[in-house]
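Q: If you want the building blocks of each chain, they are given just below.
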Amino acid sequence: MSDWVIEARGLRKSFKGQPVLTGLNLEVPAGSIFGFLGRNGAGKTTTIKLLMGFLKPDCGDARVFGLPAGDSSAGLEIRRRLGFVTEDKEMYPDMTVEQIIRFTRGFYPKWRVDLEQHYLTLFDLACRKISDLSKGMRSRLMLLLAISHGAELLILDEPTEGLDPVAREDMLRELVAISASEGTTIFFSSHQLEEVEQIADRVCIIDDGAAVVAGSLDDLKTQYQRLRVVFAEELRTPVRWGEGVEHVRQDGRTVDILASGNVEAIINQARSFPGASVERFPVTLKEIFLQHVRSD
Amino acid sequence: MLWYKGWLETRPRVLFLIAFAWLLSPPGQLAFLFALVPILLAGSGIETQFPWKTKKGPVSTYFTLSLPVSRFRLFATRAGLGMLETVGIFAIAPCAKWVLFIFIGAEDYVSRSDLFALWVSLSVCASAFYFLGVLVSAFLDERVSSTISIVAAGLLFSHSSPAPVNLYRAMVSPLSAHSLPWASMGISLGVAAVLGLAAWRVVQTREY
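So the protein sequences, as listed, match chains A and B. My numbering numbers the first residue of the first sequence as 1 and each following residue consecutively. My numbering numbers the first residue of the second sequence as 1 and each following residue consecutively.
These aren't lab readings, by the way, just hints derived from the structure by calculation. One should not assume that every hint holds.
Unchecked claim - So the derived label-pair ranges between C-beta atoms look like this:
1) A:S134 with B:L23: 34 to 44 Å
2) A:K56 with B:Y109: 31 to 41 Å
3) B:L189 with A:E169: 39 to 49 Å
4) B:W22 with A:V166: 50 to 60 Å
5) A:G106 with B:A198: 43 to 53 Å
6) B:C95 with A:R173: 52 to 62 Å
7) B:P12 with A:K56: 30 to 40 Å
8) B:W7 with A:K110: 18 to 28 Å
9) B:L8 with A:K56: 27 to 37 Å
10) B:G154 with A:K56: 32 to 42 Å
11) A:S131 with B:F139: 52 to 62 Å
12) B:R206 with A:S131: 20 to 30 Å
Claimed, not checked - Calculated lysine to aspartate or glutamate pairs in the EDC-like style (CA-CA distance at most 16 Å, straight line):
13) A:K135 with A:D71
14) A:K16 with B:D114
15) A:K135 with A:E161
16) A:K56 with A:D71
17) A:K56 with B:E207
18) A:K221 with A:D201
Glycine included, every Cβ here is placed at the ideal spot set by N, Cα and C.
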């Protein structure tokens, strides 16, 4: 039995000859809150569609709960055990909130009425027609449906899109709460780096269809450091920094360095210059993200 | 529950088509328009919303596909429901008109046996049109599939085709021939089976 709830190896997918995924590897441990990040068109939604079995990979292997995601009978078992919030947040506009809850409940024998009632009240969704709901409200309704059937895994494609700051904060708090109380694994894609940083314990950043950074958020923040070196006088020739330097920006006597490791050696190298002072700063997820996905 | 969902989606169309079929009864020069009934009710169960409900393309597809239901069940339920609705409309509209004619004392436009034969031939001959619509809706959302199906139906089962293939004429032939159009019904069922299997194959293998 695999330790990973989601596992992808060498996942490739092209559309009309245009590669979208170029060998994606992904490992999502049970019980984690996993942030899946990337620019528009990086391959996040394609990855999610492959995990859901909506698409089939050109090559590589995607598994959810250890079951092959592309297999139709395994797909049924996977979908029974997970909850999904789609990118478009579209459901059946002819139904009311009560009707879609009744409809969805019919497919899940372990439906949790207590969770349904809790979120119905919390999200203030009762007595409305789906076609009258805003995207943010539909997002909350989808989350209610996903959570209430006792899902072991939630796959959320930009779940906070369309929500106002208060509603977004409420939803993030509920995601953390559901993960803590039910042990639910949460895999969510987002463009909001601050919210990923707020709730995720693990992240994966993809760019051009492959993972460029993956791991525990705490480890990444320990591994990545920003250093500011102030030299006694402006350097005439650029310094050849050691291994681990990801990005260097020089402004007069001041050099800003983003390091992804080997930090002590870089500091020692900087201090070897007469009169140089070095300060280190923690990095944000945004800095790590921008460093890895900027094409320039 | 999938039946319920399908019914909610098609309900406005069913009501509209009952009225439409009522106006076409008793079948006359415009009898070929009965073919619109199955085409407008056809659906393959995945891309399900009808055009006037939404501003953009296929909706709710991913929500539907995320349910723990096989694609076969989605397809079979929706295709079965649409066919049942078609058969129901063909039963309700001409019969209601017939009852009305009797009630108001007007001349009986058709005998009871011919009325039953009309229902059978309408329903069976409609199956070819219906599964043509199902096949097209397996590729396209219902926004465009109905239009394309109508054009395709016009081309495939031309109004000027020879008798057994002319399903438009066969549908209402019991009123003039006083017998069922067995050859046309056989052709229709055969075509419906082929189109239905092709539609299922598309739904089974298609990526969304």
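Q: Next step is simple, just say for each hint if it's right about the structure.
A: Results for each hint:
no.: 1; hint: A:S134 with B:L23: 34 to 44 Å; result: holds (40 Å)
no.: 2; hint: A:K56 with B:Y109: 31 to 41 Å; result: violated (55 Å)
no.: 3; hint: B:L189 with A:E169: 39 to 49 Å; result: violated (59 Å)
no.: 4; hint: B:W22 with A:V166: 50 to 60 Å; result: holds (53 Å)
no.: 5; hint: A:G106 with B:A198: 43 to 53 Å; result: violated (30 Å)
no.: 6; hint: B:C95 with A:R173: 52 to 62 Å; result: holds (59 Å)
no.: 7; hint: B:P12 with A:K56: 30 to 40 Å; result: holds (36 Å)
no.: 8; hint: B:W7 with A:K110: 18 to 28 Å; result: holds (27 Å)
no.: 9; hint: B:L8 with A:K56: 27 to 37 Å; result: holds (31 Å)
no.: 10; hint: B:G154 with A:K56: 32 to 42 Å; result: holds (36 Å)
no.: 11; hint: A:S131 with B:F139: 52 to 62 Å; result: violated (26 Å)
no.: 12; hint: B:R206 with A:S131: 20 to 30 Å; result: holds (27 Å)
no.: 13; hint: A:K135 with A:D71; result: violated (32 Å)
no.: 14; hint: A:K16 with B:D114; result: violated (55 Å)
no.: 15; hint: A:K135 with A:E161; result: holds (8 Å)
no.: 16; hint: A:K56 with A:D71; result: holds (9 Å)
no.: 17; hint: A:K56 with B:E207; result: holds (7 Å)
no.: 18; hint: A:K221 with A:D201; result: holds (11 Å)
The structure does not agree with the numbered hints 2, 3, 5, 11, 13, 14 stated previously, though it agrees with the rest.
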